[in-house]
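So you can see what is in the structure, the chains are spelled out below.
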Amino acid sequence: MDIRHIRNFCIVAHIDHGKSTLAEKLLLYTGGVTTRERESGAQFLDTMDLEQERGITIKARTVRLRYRADNGEDYSLNLIDTPGHVDFSYEVSRSLSACEGAILVVDATQGVEAQTLANTYLALDHHLELLPVINKIDLPSAEPERVRQEIEDIIGLDGSTAILASAKEGRGIHEVLEGIVSTVPPPGGNADAPLKALLFDSWFDSYQGAVILVRVFEGTLRQGMTVQLMSSDKLYDIQRLGVFAPRPMVVDALGPGEVGFVMAGIKDVTEARIGDTITDPTNRTTAAFPGFKEVKPMVFAGLYPVDSGDYDDLRDAVEKLRLNDASFTYEKESSLALGFGFRCGFLGLLHMEIVQERLEREFGLDLITTTPTVAYRVVTITGDSLLIDNPSLLPPEQEVDHIEEPFILATIHVPTEYLGNVLQLCQERRGVQRELKYPGINRALVLYEIPLNEIVIDFHDRLKSVSRGYASFDYDYLDLRPAKLLKLDIRINGELVDALSLIVHQDQSYARGRELTQKMHELIPRQMYDVAIQASLGGRIIARETVKALRKNVTAKCYGGDITRKRKLLEKQKEGKKRMKQVGRVEIPQEAFLALLRVRDS
Amino acid sequence: MPFSLYIHLPYCLVKCPYCDFNAYAAKSWPEEQYMEALAAELRHYASQPPWAGQPIATIYFGGGTPSLFAPQSFARFLARVGELAPIAEDAEITLEADPATVTREKLSGYRALGINRLSVGVQSFHPQLLKTLGRIHTPEDAHDTLTWARAAGFTNLSMDVIFAVPGQTMTMLTDDLTLAHDHALEHLSTYSLTYEEHTPFFAMRKKGTLRPVEEDEEVAMYSLIQERCVAAGYRHYEISSFARPGFSARHNANYWNGTSYLSLGAGAHSFSAASEWGTRWSNERLPRRYMEKALAHGNATTTSETLTQAQAMGEFVFLNLRQLHGLAPAAFVERFQVDFAEQFPHVTDLLAEGLLIADSGRITLSPQGLLLADTLFASFV
Chain G
1 MDIRHIRNFC IVAHIDHGKS TLAEKLLLYT GGVTTRERES GAQFLDTMDL
51 EQERGITIKA RTVRLRYRAD NGEDYSLNLI DTPGHVDFSY EVSRSLSACE
101 GAILVVDATQ GVEAQTLANT YLALDHHLEL LPVINKIDLP SAEPERVRQE
151 IEDIIGLDGS TAILASAKEG RGIHEVLEGI VSTVPPPGGN ADAPLKALLF
201 DSWFDSYQGA VILVRVFEGT LRQGMTVQLM SSDKLYDIQR LGVFAPRPMV
251 VDALGPGEVG FVMAGIKDVT EARIGDTITD PTNRTTAAFP GFKEVKPMVF
301 AGLYPVDSGD YDDLRDAVEK LRLNDASFTY EKESSLALGF GFRCGFLGLL
351 HMEIVQERLE REFGLDLITT TPTVAYRVVT ITGDSLLIDN PSLLPPEQEV
401 DHIEEPFILA TIHVPTEYLG NVLQLCQERR GVQRELKYPG INRALVLYEI
451 PLNEIVIDFH DRLKSVSRGY ASFDYDYLDL RPAKLLKLDI RINGELVDAL
501 SLIVHQDQSY ARGRELTQKM HELIPRQMYD VAIQASLGGR IIARETVKAL
551 RKNVTAKCYG GDITRKRKLL EKQKEGKKRM KQVGRVEIPQ EAFLALLRVR
601 DS
Chain W
1 MPFSLYIHLP YCLVKCPYCD FNAYAAKSWP EEQYMEALAA ELRHYASQPP
51 WAGQPIATIY FGGGTPSLFA PQSFARFLAR VGELAPIAED AEITLEADPA
101 TVTREKLSGY RALGINRLSV GVQSFHPQLL KTLGRIHTPE DAHDTLTWAR
151 AAGFTNLSMD VIFAVPGQTM TMLTDDLTLA HDHALEHLST YSLTYEEHTP
201 FFAMRKKGTL RPVEEDEEVA MYSLIQERCV AAGYRHYEIS SFARPGFSAR
251 HNANYWNGTS YLSLGAGAHS FSAASEWGTR WSNERLPRRY MEKALAHGNA
301 TTTSETLTQA QAMGEFVFLN LRQLHGLAPA AFVERFQVDF AEQFPHVTDL
351 LAEGLLIADS GRITLSPQGL LLADTLFASF V
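From first to last, the protein sequence lines are chains G and W.
Anchor point for the first sequence: position 244 equals 244 in this note's numbering, and the numbering is continuous, going up by one each time.
Anchor point for the second sequence: position 313 equals 313 in this note's numbering, and the numbering is continuous, going up by one each time.
The reader is advised that the hints may include incorrect statements.
Covered stretches of chain G, going by a simulated chain W footprint (3 or more residues, C-beta under 8 Å) [to be verified]: (1) 542-555; (2) 570-577.
With a cut-off of at most 30 Å between alpha-carbon atoms, the simulated BS3-like pairs for lysine-lysine come out as follows [stated by the list, open to error]: (3) G:Lys-572 / W:Lys-207; (4) G:Lys-548 / G:Lys-568; (5) G:Lys-574 / W:Lys-206; (6) G:Lys-557 / W:Lys-206; (7) G:Lys-557 / W:Lys-15; (8) W:Lys-15 / G:Lys-568; (9) G:Lys-577 / W:Lys-206; (10) G:Lys-557 / W:Lys-27; (11) G:Lys-552 / W:Lys-207; (12) W:Lys-15 / G:Lys-572.
Simulated from the structure, these hints should not be mistaken for lab results.
This one's a predicted model, so the numbers in the text were calculated from it and none came from an experiment.
Beta carbons: idealized from backbone N, C-alpha and C, even for Gly.
Excised from the complex, chain G in its bound form (with noise of 0.2 Å):
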């Protein structure tokens, strides 16, 4: 395919202003997809059942749409569906660098909201060119005029070129067409120059071992050659070169500008890092793409299984989803209260909490999660230096020097209306302003330091409630440093559960044992005894709250003949009771081991 036939595209948009429904009208259009295929709800893009559900994409999708346009001319569009959420927004950031347009999805008759400006940022940090469209207009409650003015007045980029369109009814797809091919530049590169392409996604299948997205920039690709990951230097054969139409499609080359999919015989998907480049090792590119990273998990919590007896099939359940997820890591660890475990890193509490449900789901396995933490280091006085990502494992406080808690660098685009409350919520979460600029009308950039403990729980999630949704939020890791830190026990009974320990700063300790044993006396469910939550620092008991015993659990009441009735109402009850641990003689929910994240929802 000649280069300037090719056009590489993203949709971002608010969510609900209809981005899936426009992306499967683009693929009925070209012919992709056929409209019975359509119709028996087969979906191209969002394929795990946690995407549908959640609405959020976890994994990188590319389709490549044939289409020959007004001028009869044929192109090749690829679509490239990106994940969306801050916990994956260095995925985020590899897929966006894989496109030059982005086509901008905006609803008739809300027009332009809190992630239609978060997303314009983050496609014009990658000067991804934008192609508005203005959706929905089939409705009755549509204002496309007014829409058109707020894309002007609010994104600042020119109204009239808005596409007016009913993804719905199939209006305005072929002005989508033509506005990607007329908008969208072409990718540039040299078919001839040394290979050069972008690692943008991968996953684990169990027949081929990991599947790469692919997109060449400079060179190309061919069946059966050898490349190179210049990470780390490894060699691999190409065994299968492709492209997704949406089905899987095999190819003998991709040329510049092409996106695909590359398996060549990795077992480990850790092998296939996002953000990597591919090369050719007989004639290697000079410039690897900037900003690979290394994906690091930020936040680690104990995985383990309700009952003990479950954790040979845990075991086989993480390391089957570690083949999948390269950024998911897992190392043995064993609790008092809750016997044996993994110790696991994630990227945050989104990705925590989708690593157990699918644990859960594809594994039919019960967990239970600890309480996430950040990893500190702890100097002791004999000098030694320690990573503590557990808080039962911090040393006896007489045996600390010190301890330092990880610092991030957020970036913060919010419309002015809301800075005030912004940066509040980043004061009370121990931030240091660095930075606050107006690089537009009404809109602010703030750069905050912030302790990353203030920021895995709820950060995300208090953003957009303190901004009504319209600030945008991402973070890197800046260093570690010294801080006044306790670890804060819980007891239940008397006795230490270590799976409930956790690390706060001294300032908000004895705020924090308050709300801690407050919620807990909320989620544990009355039992035969008394049961007594307290919180202590060093031995010193600081909160205290008693869930009084159960007085009356019984059914006076003549069922007659139907045993079957009463005997499934008691197994309901038992049912409710397996997901429960059980703490010396006291039964703990699941949610109770979580309580620090429920602590601010109420």
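Model the placement of chain W on the given structure of chain G, informed by the hints.
Frame of chain G; chain W shown alone:
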């Protein structure tokens, strides 16, 4: 093996707002056709194992409101029963009666045709509580019913009491118990008000328009019932049942002791102990559809389940423990060929914690265990 026969009559004048039984408010009901359907169903089963040729030990007419039906209807039906299966000489034959639906003559009629036990749905003698419960009878109706029943020759009388009704005080409960004992009944069933899903009471509690009695108060009420009944000469023999010596409900005991029972009528639940661990099945719930099926095929079954050994074990435990004489581990071994303590090792903890008591070869609920019976039962299913 003798078996029990249950007959469900699903019609009521009004449906009580707390009731989740298979009952339907009706201004009129197809009395004759319904009785025909029951007979057709009985004819179908009477020739099949395990019922064929076996004597009927107890018969129970439950509802709904069985006392809506005329004595003649029962007479004709019992005659049909007698033609199809031998009714034991000493059979216990119970009818549930609602005070709002009976007369002196009707009660005499029931007694005359061989019904020998009456279970009266009094619930309370307090007008305010009857109103809250949505009952349509007055305290006088209730007293009259019990007096007429005695006069009609019923020597085995039971009444239902509902406690923990919103607005009920300890004094009100004491009054109800005193009035009940004045009638010198042979049997008392005391039920705590429960808020069942899909009932108006459930919705009202959720909305906050109905405030349940505080838990501590409910516990106190249950204790009061036990004290007063025992003092009045009753034996507390099952979670919600009290009887004078010799007057425990034999029909109910059969449900709990694993005897086969055949249940006829809309939504009725049967059990056959003939297969390995037993089989349970139930009928079409809607009266009209029940009648259509029963009249056409003699069979109106919609669901059935064959118990597994584990399910049978669980049922054995909770059905025995709900009776205050408890469970005999020896009987458990005999039935399942597994040691009780081996099958349920946590029994040791429950005994140590004083929730269960082991005495003279039986395991029973302690007074505290009785209050937490469902929590304990759930650990065995």
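For each hint, the structure was consulted:
no. : hint                  : result
1   : 542-555               : holds (count 6)
2   : 570-577               : holds (count 5)
3   : G:Lys-572 / W:Lys-207 : holds, 25 Å
4   : G:Lys-548 / G:Lys-568 : holds, 27 Å
5   : G:Lys-574 / W:Lys-206 : holds, 24 Å
6   : G:Lys-557 / W:Lys-206 : holds, 21 Å
7   : G:Lys-557 / W:Lys-15  : holds, 18 Å
8   : W:Lys-15 / G:Lys-568  : holds, 25 Å
9   : G:Lys-577 / W:Lys-206 : holds, 24 Å
10  : G:Lys-557 / W:Lys-27  : holds, 28 Å
11  : G:Lys-552 / W:Lys-207 : holds, 23 Å
12  : W:Lys-15 / G:Lys-572  : holds, 28 Å
Of the numbered hints listed earlier, not one is contradicted by the structure.
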